[in-house]
Structure formats: C-alpha cells, structure tokens
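**Q** With chain A held as given, fit chains B, C and D onto it using these hints.
Line by line, the protein sequences are chains A, B, C and D. Letter by letter, the first sequence follows residues 3 to 356 of the working numbering. Letter by letter, the second sequence follows residues 3 to 356 of the working numbering. Letter by letter, the third sequence follows residues 3 to 356 of the working numbering. Letter by letter, the fourth sequence follows residues 3 to 356 of the working numbering.
Derived from the structure by calculation, the hints contain no laboratory data. Watch out, some of these pointers could steer you wrong.
Intra- or inter-copy, both count: the list cannot distinguish identical chains.
As the list claims (entries may be wrong) - Once the Cα atoms are required to be at most 30 Å apart in a straight line, the calculated DSSO-like pairs of lysine-lysine come out as:
{"#": "1", "residue 1": "6", "residue 2": "307"}
{"#": "2", "residue 1": "307", "residue 2": "69"}
{"#": "3", "residue 1": "327", "residue 2": "79"}
{"#": "4", "residue 1": "197", "residue 2": "8"}
{"#": "5", "residue 1": "80", "residue 2": "114"}
{"#": "6", "residue 1": "150", "residue 2": "79"}
{"#": "7", "residue 1": "114", "residue 2": "197"}
{"#": "8", "residue 1": "79", "residue 2": "307"}
{"#": "9", "residue 1": "197", "residue 2": "307"}
{"#": "10", "residue 1": "154", "residue 2": "114"}
{"#": "11", "residue 1": "327", "residue 2": "69"}
{"#": "12", "residue 1": "154", "residue 2": "8"}
{"#": "13", "residue 1": "8", "residue 2": "150"}
{"#": "14", "residue 1": "201", "residue 2": "80"}
{"#": "15", "residue 1": "197", "residue 2": "80"}
{"#": "16", "residue 1": "201", "residue 2": "6"}
It should be emphasised that the depicted structure is a prediction, and the values quoted were computed from it without experimental measurement.
Spelled out from the first residue to the last, the chains are:
Protein chains: 4
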Amino acid sequence: MILKLKPELNTQQRDLFISFLQGQGIDFLLREIYGMHLCLIFSDIENAQIVYLSSLPFIEEVVDTPKEYLLASNTWKKSSTCFDVEGQIIGGKEINIIAGPCSVESEEQIFKIAEHLHSLGLKFIRGGAYKPRTSPYRFQGLGIDGLKYIRKAADAYDLRVVTEVIDSSLIPEVSEYADILQVGSRNMQNYYFLKQLGKINKPVLLKRGMYARIDEWLMAAEYILSAGNEKVILCERGIRTFDTSVRNTMDITAFPLIKSLSHLPVFSDPSHGTGIRNLVTPLALASVAAGADGIMVEIHPDPDKALSDGMQSLYLEQFTDLINKARQVAAAINRSLDNDSANDKQKKQNICVE
Amino acid sequence: MILKLKPELNTQQRDLFISFLQGQGIDFLLREIYGMHLCLIFSDIENAQIVYLSSLPFIEEVVDTPKEYLLASNTWKKSSTCFDVEGQIIGGKEINIIAGPCSVESEEQIFKIAEHLHSLGLKFIRGGAYKPRTSPYRFQGLGIDGLKYIRKAADAYDLRVVTEVIDSSLIPEVSEYADILQVGSRNMQNYYFLKQLGKINKPVLLKRGMYARIDEWLMAAEYILSAGNEKVILCERGIRTFDTSVRNTMDITAFPLIKSLSHLPVFSDPSHGTGIRNLVTPLALASVAAGADGIMVEIHPDPDKALSDGMQSLYLEQFTDLINKARQVAAAINRSLDNDSANDKQKKQNICVE
Amino acid sequence: MILKLKPELNTQQRDLFISFLQGQGIDFLLREIYGMHLCLIFSDIENAQIVYLSSLPFIEEVVDTPKEYLLASNTWKKSSTCFDVEGQIIGGKEINIIAGPCSVESEEQIFKIAEHLHSLGLKFIRGGAYKPRTSPYRFQGLGIDGLKYIRKAADAYDLRVVTEVIDSSLIPEVSEYADILQVGSRNMQNYYFLKQLGKINKPVLLKRGMYARIDEWLMAAEYILSAGNEKVILCERGIRTFDTSVRNTMDITAFPLIKSLSHLPVFSDPSHGTGIRNLVTPLALASVAAGADGIMVEIHPDPDKALSDGMQSLYLEQFTDLINKARQVAAAINRSLDNDSANDKQKKQNICVE
Amino acid sequence: MILKLKPELNTQQRDLFISFLQGQGIDFLLREIYGMHLCLIFSDIENAQIVYLSSLPFIEEVVDTPKEYLLASNTWKKSSTCFDVEGQIIGGKEINIIAGPCSVESEEQIFKIAEHLHSLGLKFIRGGAYKPRTSPYRFQGLGIDGLKYIRKAADAYDLRVVTEVIDSSLIPEVSEYADILQVGSRNMQNYYFLKQLGKINKPVLLKRGMYARIDEWLMAAEYILSAGNEKVILCERGIRTFDTSVRNTMDITAFPLIKSLSHLPVFSDPSHGTGIRNLVTPLALASVAAGADGIMVEIHPDPDKALSDGMQSLYLEQFTDLINKARQVAAAINRSLDNDSANDKQKKQNICVE
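Bound conformation, chain A alone (with noise of 0.2 Å):
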C-alpha cells in the first residue's frame, strides 16, 4: 500500500502528519522518490486504518501495490523509469548496447575493445575486475589495476563503464571507477549488500539470481530501492533448469511479464544466459523482439586465448553483424538502438517509451 501526500503539503503539515502516524503505532517509510512525494504503508497495515487514512486531506492518491515489492511495482508509478548515466539515456526508447570482455585482461586487451566500440557508435563497455568465480583455482580478477585500466580506456573513447561489485566492503573503490554497479547472479539475494548498494548515488545494474522467481528479483530490486536509490537496471542472464544442453536457459518471457509488473528497465545478457557463441546472436534478437531495454555481451579480440567465459565471447566481427541485425529487430518493433541517434537534444525529447 503506497500513500501519495499532495504535492502542496508544507513541510509543518508534514511533520504533523508524520508524528500523527508514529502515534497511531504504524510502521511506514517516507520517501521522495522518483520525484513524487510519497509515503510507505506496509502490507501489515488494517483495512479499517487504510479506509481511515483515506479520508485525510492531506492525502492526494491511495494506491494497492504488491506487498513485498511496492516501489518496484508499477501499480503506483505507471511510467517507465528512465534516467540519465553520464549522458546517455537508459530506459528510454532506444535500447542500449553494453559489451566488453567478461575479464579486463591487460590494458591493451581493454584499449582494443573500447576503440572497437567507438567505431560502432556504442556508449557502454563491461569488464569484470573482481571476478566471482565457481573454483578457488581459477582467475579471480586483475582487481583495483582491472578498474584502472577499464576507466581509462572508456576515458579514452567516450565510453561508461559497467563492471562487478562483488562485496560489500569494495562498494566504494568500485564507484569510484564504475559509472553502473552490476551485482552478479549469485549475489541477487545477499540482502546486507543490497541496502549498503541502496545507499550510493550510481546505477545498480541487478542480475537476476539464476534460481530466483521473478517476484523475488523485484524483491531484491526493492531492497536498493527502498534504501533510497531510485536507478536500478534488472538483467535477466539465463535461469538454471534440468536441461544441460547449454549453461542456462534463458528466461525471454520475463521481459514482458516485468513489464507488466514493474517500471524498471530490464536489459537481456545473452552470453551467460546461453554459453555458447553461436547462440548470442539470435537470443539477443528474441530479447529485442520481446521487449528487452538494453543487450549486454561479452566480446574478445581473441575469445580462445581469454582468461574466462572465452566460451561465450564473440569475435569482434560478429559482434558488429549482431549489431545489424539487432537494429533491424528493433525497428520492427519500433525502436532502435541507443547508438543511431542522430543528436543529444532529439534523445533529450523522448526520454521515455509511453
């Protein structure tokens, strides 16, 4: 249950309103969100309270959300959520293109790709410096030298950077060279993290838990939300089922069904989702045809000689081919890609899907 205040309160009534609620025993957070004045009632509040509260005129709207996920839900916040990271748009219209390698490697393996990058006209590059890895024994990361290197070579060719936070305790060296914060697969539901990522002022791209439902993705989005940071990106990156004939299956349909719940952005990632190469390509198709705001890759100069997930990288050539193909989809649905913008100041006007 989401109570809307108007907009005219000052801040006396507020404060009057607020010790009026403490007063009555109910547990609730305030919050300026997604710049709405609103005000939290939680699922344990009564019936006869709501229709009570209702009444007051200090309330604008009384909304019915889901109960665990209420800022996530799109029951009281109808519009997509789109904001600004570094100039560029992320839950607009046109859908953005993150790639990289799954390891910042060297400095010169990170150059290579940013400037491929560039070529293409794309804004976003990834690479993972701390590495969560299944085994002790396998590369774990350049580390703080990884997001170095990463940072620079976007410097060098306009590009944001996206990369792995991987504990609580790096959250702060990583915002410091990070422009988007992703939180892996396997950390989705380390809930202590997820309020301290609440805290700071970047995006938090989310992974989805590769065992988690979708209400329980949103419930950890609501755990950063409800923390006080409004900029969450989901990413669905293939969910793990009985069949083994590839790494993960990748769950398509949640692109429009978190549409239909919520008004975060939800980016697709074809490369874990599939594990295999040659099937990036036509599932990062089906996730534009299906709805996906956003694609994120992994890529490699040399995808048999990379340190990880070399597997799953695709040569830089049919990274380009995959970025043909996918603006032809996109257009067929009619959107296009977040690197055909002619100008700034036309992106500017149309923010956002209605």
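**A** Chains B, C and D only, in chain A's frame:
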C-alpha cells in the same frame, strides 16, 4: 554412423551387400529416406569395422553422427527438411502460422475461427478433439465429433487440420480427419506410440516434453524417423522450471540450438509456453527472431467462455495484431509469413532455406 | 465433494435418488468403492446445491475433498488402503520388497534371480519385458518371451510378478502374465492409457513422472480409480532437477507428504531414483525411515553385463545386505518387512496400519 | 593434484624446494592442513611436470584429486574430518543435534528454548540475529542484541551457539558471540565472503545453495579450506525444483553422495528443507538413515506467534518426540546421538567413524 550407398548400386549388388553385412553379425537398418539411398550402422560398431566398410566399393560416404539420434542429426543431411502438406510447404523459408482453439467445442465455434483464419490468408487450423487433461473431471474433448467439425470447417475455408492424437489405438481415426497429427508434451516419450506414428503417411508435430532435454527430444523424433516416417515437425511449448510466475518457461534457445543439431523444422507454441494471454505475442515475436520455422497459437472468439485454456487464448483481434507484428520481425531477419506468398509457383521455387 | 449414501438404502430408493440428481442436471459419478456405498459430486456443484443435498434423508455424510483428486484423497477415506495380491498384503504394516532385473534377459537370468529372492523369503519379483528406452537403438526388451520367462520363474519360486505395460494395446497380454502392472514415469500422464488401466482387475503400480508435482501424480491415480480400479500403488522414482550429479533426485519428502494427503500405499524405487549402485541402499533406508510402504530395487547376478541399467543394479550380495539393514530401520519405526511374517494368519489380522 | 611432502623435511630443505618450484613458474599453494605437511599443485600442471616432481626425493606421495575441489576431496584425506567445538565433537560417530528458533526474538524466548535443549541433554543452540529475508519489509532480526541474548542463554545452559553471518563486515562481531558461524543458502557462492571466513579460527557451517550442484557446494567449501580454515561443516537444506508442494525439495541423496566424495561432515536441515512442520520429523529420520552427521531443526515455544518461519518450527514436545525417534534410527545403523554419551572420556576415544 551412417553409410550412404552409391546411387548407382543395382538391386542385386545391394542385396549382396546386405547379406554380407548380416553375415558379419552387424545390426543395422536399411532406409531410403529423404530421397537418398542409405544404410544405417548403429553405435555398437567397432572402429576396425568402420575402416573396413569404408574401404568397400559400394560405399559413397561414411558419416559420423550422434549415436542416439542418427536420422534426426544434420551431420549427414545438411539441408533443412521441408515437405508439402496439401499444397503448403512446411520447413521452408516462409514461417507457417497455425491457429485455433484449444478444444473444438462446437461446429459453430470452429467455423467462426476458420473463417477468421481464412480472412487473414492463413492455411492451417488447430483444435483438440481428444484432450489430455490433468484431472479426469475436466472436459475431455468432443472425440470423433470434434474431428468431424474441424475437418468440415477446414474444407470450407481451404485450411489444413492439425489435431492431437493421444493413444496408439486412435491413430487410424485421427489420421482420417487430420493433415498433421500432433503428439502432446506428455506423450513425447511414449515410445511404443511413436513407433506406430512412424508407420503412417502423415506429418507428425512432436511437442517437446515439458521435462525433456534437447537430445531426448531428438531421440523421440528418431523413433518416428527410424520407423519410416520422414515428416516430423518439432514444436517447443515451454519447459517446467522452478519459476511458477508463468505456466511454463519458453525455451527460446531451443530454436537456434535445434538448427545447429538437426535438419528438422522447429515450431513455437507460445500459448502453452506462457499460459498467459498478454505474453503470447511478445514470445511469438521472440521465437521468430530466434529462428522458429512456425508459430502455433491458441485463439478463441470468446476466450472467457472457453471450455479449456481460456486464459492463454488470444482474442481474434489480438491474433490479427500478432500476425502483423510477426510479419515485421520476419522481414527483419529476411523471412516472411506463409500467408504472404503472391503465388504458389514462386513458393515452390524457394522451397527451402539455404 | 463426495456424498456417502446411507448403507440401508435399497435399490429402488437409490435409483430414485439418481434420477432425481440427473433431473437437476448435476454431473456425478456413482461408485461402490473400497466396500463403501458412495456417490461422487464434482467440483462444479454450487454451495446452495450442497446445502440442499446434505439435507436429504438418503445422505449419510457429505465430505469436502480436493476438487481434482477426490477418490485418491484421504479426506473421505481415512484408513490406509491395503489389498491382497495372491496372498500377500500390499499397503499394510509390513513393508513390501520387490526386486529383480531392469530387463528380463533370458530364462536362466530370471530363474537365478528368482531363486535368490526365494532364499531371502521374498515374495515379489520385477523385470521388464517391454522397455521404454530413450533411444530407439537400445535394447527394447524381449517382449512376450520376457513375460513368459518371468512368469515361469515366479511360479517356480512362489513369487508375484511386477512388470511394465507401455501401451494400451498391450494391456491384455501383460495382464495375462503379471500380478501387478507397472506404469512407467514417462507414461504417468498418458491419460487415455490410465483410463484403460482403470477397467482391469489387477493392481497398478503408478510411477511418478520425473516432472510431476504431487497433485498431478494423485490426479493420475484418480484417472485409474475413477474408472473403477481400486488397487493403485504409487511409486516415487526420483524427479528431474538441475542437479546432474545423479540421474534423478529422490524426493523422499513425497512419502510423508502423500501419507498426509492420500490413503494409497506409496513405494520407493531408489534404483532409478539415484542411478548409482552405491547410493541405492542409503536411499532405501531413508525411504523406510520416511514412511514408504514398499521398496522396489533393481538387482542382477552380473550387473556389468546387464543389457540395461547395469550401473544402478545391485549385486545379489549387496541386496542381501540392504534387506538386513532395512529390517533394522523398519524395526526402529515400529514396522517390519514382508518376508519376516511368521505366518499368514497373523498377517491377515494386522492387515492395515492404524 | 596434491603433493604430500615428507614429514622429515626440515625448514631449509622445504624452502629450497619451494624456491625451486617458484623458479619453474608453477602456481601452487603450500598448506599444513589437518596436521599433515602438504603442498598443493593446481590443475594447470602438465603430466610431464607431475612425473618429474614425483621423482624428487622430498615427495612422500602424489595424489590425483578433482581439479576444482582438492582439499575438500577424500582422495587425499581418507579419514572423516572431525573436530572439537568447545568440548563437543563434530563429525564423529555420534550424530550432532542443533536446535533453536529461526530468529532470536527476545531474551525470554531464547532462554526458554535453551532450557528445553538442556533438559534433553543437548549441546548446540541455533538462532538468527541477522536474518536474510526475501522482502525488505519483513523482520530483519535483532542484530547485536540477538547475538547477546543467545550467547547469554547458551552460557547459562552449557550450549554452543550456531548463528548466521550475512556479510563480510559482520564477521568480527558474529565471531565474538558464536561458536559456529553459519553461511546461508543465498550466500553459498558469495566467494569474497567465503575467503574472509577462511581466515577465522571458528568452524563454518556452510548451507547448500538452493540451486547448487554437489560439485559447486564442494567448491564453495574449497574457498574456505584453501584460505586456511579447516573446520567446515556442510549442511543440506533443500534445493529448488519444479515441485511447489513444499518449500524446497530435500536432497537426501546428498548425504551418501558427499560421503563418497569428501571427508567433511554433512548435516541436515529438514526445517528449511520442507518448510512444513509435519514433514520435519520424517525427513530428519530419513537424513539419519541416509548417513547425515548432524541434524539442525527449528523449534519454537509458540510457533504460531514466531516472527519468522513459524510454519516450519516444531513445538517443543514435537522436538522431544523427534529426538526419541532419531535415537532409534541412529541405533539401527549403528550410530548414536551426541546427547547420549555416558562420559567425555569415552567419546574422545571414539573420535571418528572409521
């Protein structure tokens, strides 16, 4: 392992060769399939024997195939399989559209739907007469009356009939009325039944078991192929996973994956795949983008009164919208829908995708 | 909803009541089952009608049941179902042991096993004559010869035969040789087939589908029960999950869960449930501890040469050890094995667990 | 691959050998673990190098291990691992019992439970102070107050404390109050966190991820072991499958399977494993029968008023009944419960199962 015999082999030479193989105690199947002369040798054959057989003058080619699905594999048959169903090509460059109600409920209902399909230029109607229902207390279908109604409606509107057969004892009856026999998800590993379907002269649309791995699905197809029926259509209809947000999880990866393993056409059933009406169109588009050769959807003039699966049936107008969007996405990947052909002559020339 | 009619009702009164119900347009089944007079009314009935019917003088009791599995539910039949199979009680306090090879391979093989079972005082032998194999190129069973061999061996050693029937057309043949007909996991939702099995007068051992929820399994049993066959044995044999460490994941929870929902006996098949020989005994013991009413295991005099499922078959000595351990665990929960009865007379008196 | 060095090696010789290996550019870890001198060589090593190293005079034994979990494997350490926790043996022949509430709710609540455990002769209490909850709007635990209450209650009744730590930043605080630190299912692949837990001197109870394969679970344990902490307890708590009849599916096969792969103790948590109170006891018994080394269950003096997981918490009397039954089943497989020891002296002599 498949041995292709030389086409110039005469009957006498062939019989001699067969006698020779039998004398060696080697188990094998002899088949003329897809217009090729061939001889199958099974997985038990030893390497030394392969070397020896390869050296014989009667052998054109020795092809290494997966052990369990030889005929379904594309290792020996490189070209996509396509065939004619009463004047319509399945498995060609054009994407086939099959639509109709979950169950045939009355003559009036199925005529109404047939008329709508005809008005859209479509060529295939589906509808269940024998229904496999989870509970014995739910509507089990009209049986033979249902078959008669759908045949009559199809004949009136130049449509081909796709309907399910649920037991080996019903194959003769259903074959009399249907143009394509559908095998349901729950019967995909009913092997005795599959063998019977291998002996008929009608195409079989083989739904994927909701629990079946890709290789198990291909082995089920192999039961039909190895019994002599060359006309098998695979149909993805959603798999069962932990996520209960939707009825099933559409495995969109199955389309490019099947294409990389097999020459058989593979269709998509987003109605069962999602179980929710509003998700059907996005998933149909995703299937097309990922490479599906056909789309099968449930439609109903009045879904809320449907005797089965109303929740996932499209309204007729929604279906028209789906067709329009699917045409756009098909064009984006350089394909078209089967109702868009200007004339049959041209179609015959483009019989298969290269 | 189940309405139990008063036992003193005579035929005339009963016919009158039935005519009355039919006149009301209410769908129902009339059954004398498990020795009770009863009348089933299905889920569609309205509350007002229930109230009205309850008030009639012919009605002894109105029982609210699950809508989808009425007869399988323990809401109306509180006592556990047990029945006699050629002198042996199934579903009683004693735990039944069924053992034998995956496939009947020869007369000699099955006689050797039958002799071993007899030496341990056991009463049931299993063995497949018609085998549902994932690939068409694997051993498909000896067919009718296999049935003849196992019957002959069973008769020689006072054993009852459990064997699988894989198609409705084979029911008459298999019924001639078997004492209990087994339905395999892949046929659990082959409903047309289940209905045929409801019309025979032999017990049916219904394996759980590897993908079937508990309620779906009970609904499959309901198909058999509602068609008139009261003798259904459920058998857990492992479900399919993401974990490929073993062939299937034994769902041990199924035993107490089924006991809380149904009156039917429930057996355990740890051979298919694990697929690995060394795990069979621990899982058999766990099944007993959790409340299974019977254990079915695969054994073979020479597992490494078995034509099917050798990996999961116990050596004969391992099986003897399993029996000894299972006897200890059964005693710990106040039950015993069926080969331990001093005499039949006493057994008949303890026919069911309370 | 593990190389065990000869115990008589002096420091100088050892340093020499290490320098030599480093000079060869071979990656390795050097560890004294479980009282043995050893040297780890990782998966990348080539066969020729192994042959060479094996020939050196410093090497006692070369053991081939799984590549990904070397230290957790029982290929090099044949004996079961057991260790002392404040006077109680974990991983020995006696089965440990850990019980307590899901959450510490108040000092009174936890004292009441502690008293009950003491009255049954039990030695371990569990209770959450920091709770990982799916929704941010559910009770998140009492935090440090919860830790203080459970420590106080444990000290009053001679109990050892098991409690969860949910973030690397909380390890010092939780270590101060707990005797065993629990890692929750959702954190099982939070690798950075696991590495921190490898540096402390307290045992870690590592719950299996609800989506984790057996090998992934062992690799998670390897993160802790390879960072230097030898005291790891594995704990099966149910995996996520398609079947939603219960909260999770207890994987009882995990007990004998882990025993066949690893030397680590493995416990069972049937409370989370089933999520339903009436299923807890049967599954606890099944776990014992299958070879679990310990049982951890949730109990509550008033489950219906519990702030979390009340549905799966046993009433205190139910728990007493579970203990009595578990004792019987343990005896059937020749083991006993840890509250049954006549005296500590005898226990120390029977420290490990052979």
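**Q** Determine for every hint whether it applies to the structure shown.
**A** Evaluation of the provided hints:
{"no.": "1", "hint": "6 <-> 307", "result": "neither (55 Å within a copy, 32 Å between copies)"}
{"no.": "2", "hint": "307 <-> 69", "result": "between (48 Å within a copy, 20 Å between copies)"}
{"no.": "3", "hint": "327 <-> 79", "result": "between (33 Å within a copy, 28 Å between copies)"}
{"no.": "4", "hint": "197 <-> 8", "result": "within (28 Å within a copy, 50 Å between copies)"}
{"no.": "5", "hint": "80 <-> 114", "result": "neither (41 Å within a copy, 37 Å between copies)"}
{"no.": "6", "hint": "150 <-> 79", "result": "neither (38 Å within a copy, 42 Å between copies)"}
{"no.": "7", "hint": "114 <-> 197", "result": "neither (36 Å within a copy, 33 Å between copies)"}
{"no.": "8", "hint": "79 <-> 307", "result": "neither (46 Å within a copy, 33 Å between copies)"}
{"no.": "9", "hint": "197 <-> 307", "result": "between (37 Å within a copy, 27 Å between copies)"}
{"no.": "10", "hint": "154 <-> 114", "result": "within (12 Å within a copy, 60 Å between copies)"}
{"no.": "11", "hint": "327 <-> 69", "result": "neither (41 Å within a copy, 36 Å between copies)"}
{"no.": "12", "hint": "154 <-> 8", "result": "neither (46 Å within a copy, 49 Å between copies)"}
{"no.": "13", "hint": "8 <-> 150", "result": "neither (46 Å within a copy, 44 Å between copies)"}
{"no.": "14", "hint": "201 <-> 80", "result": "within (24 Å within a copy, 49 Å between copies)"}
{"no.": "15", "hint": "197 <-> 80", "result": "within (25 Å within a copy, 43 Å between copies)"}
{"no.": "16", "hint": "201 <-> 6", "result": "within (23 Å within a copy, 49 Å between copies)"}
Taken one by one, the earlier hints fail for this structure at numbers 1, 5, 6, 7, 8, 11, 12 and 13, listed in ascending order.
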